[in-house]
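J.: Given chain F's structure and the hints, the job is docking chain Y with the ligands onto it.
Chain order of the listed sequences is F and Y.
Sequential numbering from 103 applies to the first sequence in my numbering.
Sequential numbering from 4 applies to the second sequence in my numbering.
Treat the hints with care, since some could be wrong.
[Stated by the list, open to error] Footprint (simulated), chain Y over chain F, 3 or more residues, beta carbon under 8 Å:
no., region
1, 200–212
2, 280–291
[As the list claims (entries may be wrong)] Stretch-level coverage of chain F by chain Y, calculated; a stretch enters the list once three of its residues show a Cβ under 8 Å from a Cβ in chain Y:
no., region
3, 215–222
4, 249–256
5, 380–389
No lab work stands behind these hints: they were computed from the structure.
Source: prediction; values computed, not measured.
Note that the Cβ used here is the ideal one computed from N, Cα and C, for glycine as well.
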Amino acid sequence: MIELSEELLLRMYYKMNQARYFEEKLDDLVSKGQVHGTVHLAMGQEASGVMACLALEEGDLVSLSHRGHAQAIGFGLDVNLMMAECLGKYTGYCKGKGGSMHIADVENGNLGANGVVGGGFNLSCGAALTQKYHQTGKVVLCFAGDGATNEGSFHESLNLASVWKLPVVFFIENNQYGMSNPIENHMNVENISDRSEAYNIPGLTIDGNNFLDVYNTVTKALRYARAGKGPVLIEAKTYRYSGHSKSDKQVYRDQREVQVWRKKDPLLKMKEYLRENRVFTEKQILKMEDEAMISIEQAVEFAKKSPQPQLDTILEDVYA
Amino acid sequence: MKTSDMTKMTYRDAIRLGITEEMRLDRDVIFLGEDIGLYGGAFGVSKGLLEEFGEERILDTPISEGAIVGTAVGAATTGLRPVCEIMFMDFITLGLDALVNQGAKMRYMFGGQSQVPMVLRLPAGSGTGAAAQHSQSLEAWLCHVPGLKVVSPSTPAQAKGLIKAAIRDNNPVCFIEHKMLYDAVGLVPLDDDYTLEIGKTIVERPGKDVTIVAYGTTLAKAIEAAEFLDEEGIRVEILNPLTLYPMDMKPIIESVIKTGCLIVAHEAVKTGGVGGEIVARVVESEAFDYLTAPIIRLGGLDVPIPFNQELEAVAVPQRNDFVHGVYRLLNRE
Ligand SMILES: Cc1ncc(C[n+]2csc(CCOP(=O)(O)OP(=O)(O)O)c2C)c(N)n1
Ligand SMILES: [Mg+2]
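Excised from the complex, chain F in its bound form:
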């Protein structure tokens, strides 16, 4: 078992709540027409996105999926700058040029959220090659969805990372659907991790709503990759509560299915764990939740007050 300090548990619970509140707020702003374009919400997937990142060491890198807010918060991004980016403000991570789907903080190792499904697999191999080449001892954690594993790039990347023993962990958030397509309609394997066999790398399927499972499994996988043994494929089974994006009327699923998954909510599960193990008092738990909520309210305020980019910035940053 991996030791969990009180301080770490506190950080875990705080960030999971931050991720949930961040998206609740964003959802609200979207419904009020205050966000240009669309957003992909990961409510229900917080244990996967946040915990996988919390298992990383200082200096490790991540490649995020299009459904990347919880992942980014887990990685330690500033919610003020994230919210500002979602509102297209100049103070945002990408100066308002990327939006919700492209939040990046490259200097600190977040190689960027990717709007192209499967776009991160090969890039992660490249980033892992750099780590190997420079012998940094750092690992790349690559996020993607179940649907993305049907892109050719997934298979090319797993093969390449396997034969080159690249320090990369492929972390698939299997939320049961690729847009409207239930997983059983788009692949003929029971578990996505079964696909690892074709490339002779370890493949693991875990309960993506269980914060401990995610944290422990990713920690071990990172250790394996860091030791130079090559890539690992992890499949975290989870669920998204919201539609795929703003315009999704969810004709492809029964709302009762959503209710079943809500009973397995990752935040509730963690709260139960904290109560059962008497790690924190009820008061402390509430305080963490409140603080997380306040941080998001402040982020919205920061974002709203932030300036729009000047029009002439449109020509900036095309080239280095």
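T.: Chain Y with the ligands only, in chain F's frame:
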């Protein structure tokens, strides 16, 4: 055509009607794409088709663009007539090998032996706030590949006529639909034999002072500008090259001979765009001698499409760019 044989509908519905009619007429027409079944397509174009044609002909694919395009090429060479939806034109990159190196070349490379009757529907363009990877207008790439045809309808009637012609064509046709046009409404012929010939440029609006060539949503902005300029007594002639490749240049050359002034415009980035090719062909032609002013090219800025709404609008030509362009050509500024 009598207006009684026409009905008002959106661009989205017109594309669907065209596909539906062709699928009813020809059992070999199949439709492949991501989320096109129950979901009805990311932009609602395929709504209801699954109910009518079933899973055998409405093929909801995994997220595998390479497989969509490659499968279509293989099916097309063996007797089917696939229509594919690539959810966003941007992702054609993932199917380009099958399209460019296989589908476009087979017939020629095999000495005329095969034919590849397929259609790629490509929702393109900016204005939706979807940022750099979901907003591109990449038609110029496709217009650089002999063997492909590239069409771009701007109205519901054009959409219906061209999608039907594209499905009946025995070559790979890239059908570019601008996302901001889906809700545009217009009269559409109900005749199930109505098609628009591929390879024809049309005069959208006759005039005598300045020629504008535009397509996609940029055409609507040109028309708005022309209506505004009308009030000042300036008569702008607008041409719409419905087929971008191979392009019918004759009406454009004739118009420039008449007006002596030319503006070409599109939303795609200016550098290397289709507009440059039109200009080159005009100056290579007899129209060169009739030009009375330098030609103006309006195009997207040479930048990826930014997310921020104000920046996004600035990235592509707007109505006033046409107005000022016309003033400049006529020395009115
Ligand atoms: C190459 C590519 N194809 C299609 C899309 C459109 N699209 C965006 S997200 C998505 C579904 C992705 O499913 P999955 O990988 O399971 O991730 P999830 O959305 O469930 O998190 C699709 C089809 C895209 N962005 N990129
Ligand atoms: Mg999914």
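J.: It remains to establish, for every hint, whether it holds in the given structure.
T.: We went through each hint and held it up to the structure:
Check on the region 200–212 of chain F: 4 of its residues sit with their Cβ under 8 Å from a Cβ of chain Y, so the three-residue criterion for coverage holds. Given a C-beta distance limit of less than 8 Å, the hint that chain Y covers the region 280–291 of chain F holds, as 7 residues qualify and 3 suffice. Here the region 215–222 of chain F counts 6 residues with a CB under 8 Å from a CB of chain Y, which clears the bar of 3, and the coverage holds. A count of 5 residues in the region 249–256 of chain F with a Cβ less than 8 Å from any Cβ of chain Y is obtained; the coverage claim is therefore met, three being the minimum.
Judged by the Cβ-Cβ criterion of 8 Å, the region 380–389 of chain F is not covered by chain Y as claimed, because only 0 of its residues qualify and three are needed.
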